[in-house]
Amino acid sequence: MAEMFQILAPDGTVNKPELVPAFDKIEAMYRQMVRTRYLDDRFMVLAKKNQMGTYAQFGGQEASQVGSVMALQPGDYIAPMYRSTGACIAYGWDLHLVIMYWRGHPEGWRIPPHLNMLPIIIDIAAQFPHAAGVAMGLKMAGKKNVVMSWIGEGGTSQGDFHAGVNWAAATESPAIFVIENNGWAISVPRAVQSKADFLMRRAEGYGIPGYLVDGNDLLAVHHIASKAAEHARAGNGASLIEQITYRMRPHTTGDDPKAYRTDAETQDWIDNRDPIDRIRKFLILEKQWDAEREVALKTEVEKEFAEALEKADTYTKPDPAALLEYAMVNPAPHLIEQQQVLADRIRMVK
Amino acid sequence: MTQLAEKPNPISEKKVMTLAAALTDGMDIALERDEKVVMYGEDVGVMGGVFRVTTGLQGKHGKHRVFDTPLTEEGILGTAVGMCAVGWKPVVELQFGGFLYAGLDQVISHVSRYRYRSRGRWNTPMVIRFPYGGGLNLLEQHHDSPETYLTHTPGIKVVFPTTPYDAKGLMLAAIEDPDPVVIFENIKLYRSVKEEVPTGYYTVPLGKARKVMDGSDVTLITWGAMVTQCEAAAKAALEAGISCDVLDLRTLVPLDLEAILESVEKTGRVVIVHEANLTSGFGGEIAALIAEKALFSLEAPILRVAGFDTMHSPFNPINHFHRPEPAYIADAIRKVLEA
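Chains as they are written, first to last, in the numbering used here: chain A, 4 to 353; chain B, 155 to 493.
Bear in mind the hints are in silico, worked out from the structure with no lab data behind them. Nothing here was measured: the structure is a model prediction, and the numbers come from that model. A virtual CB, placed ideally from N, CA and C, is assigned to each residue, including glycine. Mixed in with the good hints, there may be bad ones.
[Claimed, not checked] Just a few of them, taken from the derived set where beta-carbon distance is under 7 angstroms, the chain A residues facing chain B:
1) Trp112
2) Ala129
3) Val137
4) Gly140
5) Leu141
6) Asp163
7) Ala173
8) Met331
9) Ala335
10) Pro336
Here chain B stands alone, though its shape is the one from the complex:
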């Protein structure tokens, strides 16, 4: 079921926030509401994180709740497993998505399996959050989009907030969720999107896609910063008389397959857009699910617009040919209509 928006409860005051500020606000409220929530990682304490997403939280909640740790991803992720065993709810930050690899063994072999392995004795209700994605002029490993490693790992939930409203609500939902949740925070969206966000507590449920634009000709399925790109492409298409159904999946695990199929059955034409490289990307999984569940609704082959199958290049001046731009999405829209 696609949800356009959830009403905060209780209805509260609103304030204009960037995506980064909304994430901070969500974490602030979580620290306030649950004394078992703690936050740690590299630079998250005094400095408030390299993207300042934990700014002010140590000052407000104390060094025992928000703190800096040794510089080790396997340590941050591995200790979070142990912290969960003694009743804490760690919300840990990795400095960049590309630094996940240094600690990936702890995620794949332990964070995701601890509950299964102990048959429910030890749970891992942690949140792992990091900036990801391209579009700025940073260094290697600072622009990666590593979602596939996590969606392929059983037991992990994968969340991509794209609006400030969602960022806060998904953050609160993720912290409350009893399973391990990874939040992909897009570096390009941190401060480029702003909107009014309720100042009080609310959640956005995991597993419900957001309908960004309503249309009947082509379905655009996407997540993260590519929502903005798809929206731009869809707006341009609309001027040419083509209406697109744009779905922001919000969470890849759990996946809102119902929303995908509802849209595919309506349009019969599908373009999947993601920033991660093409091969074995999550777009392939979505295409397979559509083929399994709605093949006969299709009027054209499914197309994917994604990054090249190379590392995210350090060649920043030409990286816009790698990262999907509205023009490439518009081209795919044309192709599925002509097929």
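Extracted from the complex, chain A is given alone in its bound form:
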């Protein structure tokens, strides 16, 4: 049995005081966790009200996503999947664009030039070979940057998981592969995916460092992600991290977990292992946080969301021309001909 790396116990007490980073860094991450939790829940409300499309919540995985992505430095890259919205927001994705993305507004899909964020990938595991390619390309260019990518425990059963991790390992490329083991692939429990006790065991087969981490312990996640990033930056290649966490929310807007798991199981995680509660307790114990600051943070986040929503709501409506844009840099004649078909259809509907 591999030991799960932990710095903070669920009650907020410290196991490894020597590994606690500077408080300003912890506070910055804590703020992102509170912020992303609030936004995630607001997005679900928007989706339920049909003011956003299908949305995949990450609630419960804030330590896992914020703690890992905040180990990155300027010039690094991320290769997210559909449940990585928390990581993307903490990485700097503009909030009104996030809302517009999940609404299917073309301008929300336009990845801003300031963000080294690859597109959110929907089909399971395909982002891993992309991340391996980015890593190999960074290494070949002599850059000191790294790439980080996330996958669920279900995604580890895909061929692309193996193709990506093995490639980066074999080419000694600077990639950090994070398995967010949240227990459930929609309705399918972790045990169905693999006979192995822990999925990070595969690291040995790839010849790279593998880590088993308490994914709801912000400090543990951040410590290991930083270690893997330093390892990659120093030219030592890829790492595989398994973060044990829990999807406290449904799979997506359309999912009802009552069909496959007990409320008691979910409630136990919410009551006893919530990643935000744990780091908050720690900060309060260390006298680095208090109720007053909590209220101020909540007000700040509410205001930010209201402003972003307003910006998204009042954004210029999607232009149908977007349907035919960016299909090819040098469009083939049939695409140019379809511009006329689109123009005709717009006329027909008006």
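Given the structure of chain A, go ahead and fit chain B onto it with the hints provided.
Leaving out everything else, chain B in the frame of chain A:
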């Protein structure tokens, strides 16, 4: 507009090359001209590819430019997407066209969509090349002609060089093209065709068909190794006093519809020939376009000569009944004339 030939610029020395050698020469020049061009795949480095198309390139340009990789089509194609994101221009080889299927998800779901999905932030200006087609005595998946999966996939350009001159010029054009381009290299043509090719740099533009033979009775529309078969059928027909307009499409995407319609309007009779199996083959798309744009120019129903709707059979001694032969094309020519 049909082009008979493009003049290389600058005009340079010429050298007799096979199609394979011309492809190698094109890649060599691309590596020389653009330091962002890299080539990788299975066996492409030390060995120079199973068909030796990358022979000498690693030795000349270095292991950092031309290299062997893990044996994984989804890895080769998926990493190429990531390589593009950080500014490289990968030219990747798949060992055989039939091995494309193992990586097809990356092509359909990512190579073709990355630019659209990111609204122009991430482009995929890669080249994917592989040997395809029948006519040798190889194994299963070594003779497939999978163009339809790619022509049906939005965002991908599809190229079929059939002469050494075109092979080099289309290769250079494909590498320079800002969109993902797939080059179908015919295994039968690799070393069976030879001609003088300029040794310097030139390109053959994507989207311009080549008029192989000029005629007025029947239009033969084809690509890849079937150009040779159509040429043989057309030459035989000419002896019987029937002249065929033979079009080598060179690229299926972008398609030179203008050249097709110009010829159809002249002859009114059309035979489309391809090596891939019949149903939902690209010949059906061409027939539909002719029906939409030039129906009233037709004097006879359009005929297609193609492979059977089975897998490419492993029964090599009888596969010439599957792969279109000049005799079957000649028969179709007769039929469209009698209609």
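Structure-based check of each hint:
no., hint, result
1, Trp112, "5 angstroms, holds"
2, Ala129, "6 angstroms, holds"
3, Val137, "4 angstroms, holds"
4, Gly140, "4 angstroms, holds"
5, Leu141, "6 angstroms, holds"
6, Asp163, "6 angstroms, holds"
7, Ala173, "5 angstroms, holds"
8, Met331, "5 angstroms, holds"
9, Ala335, "4 angstroms, holds"
10, Pro336, "6 angstroms, holds"
Hint compliance for this structure: every hint is met.
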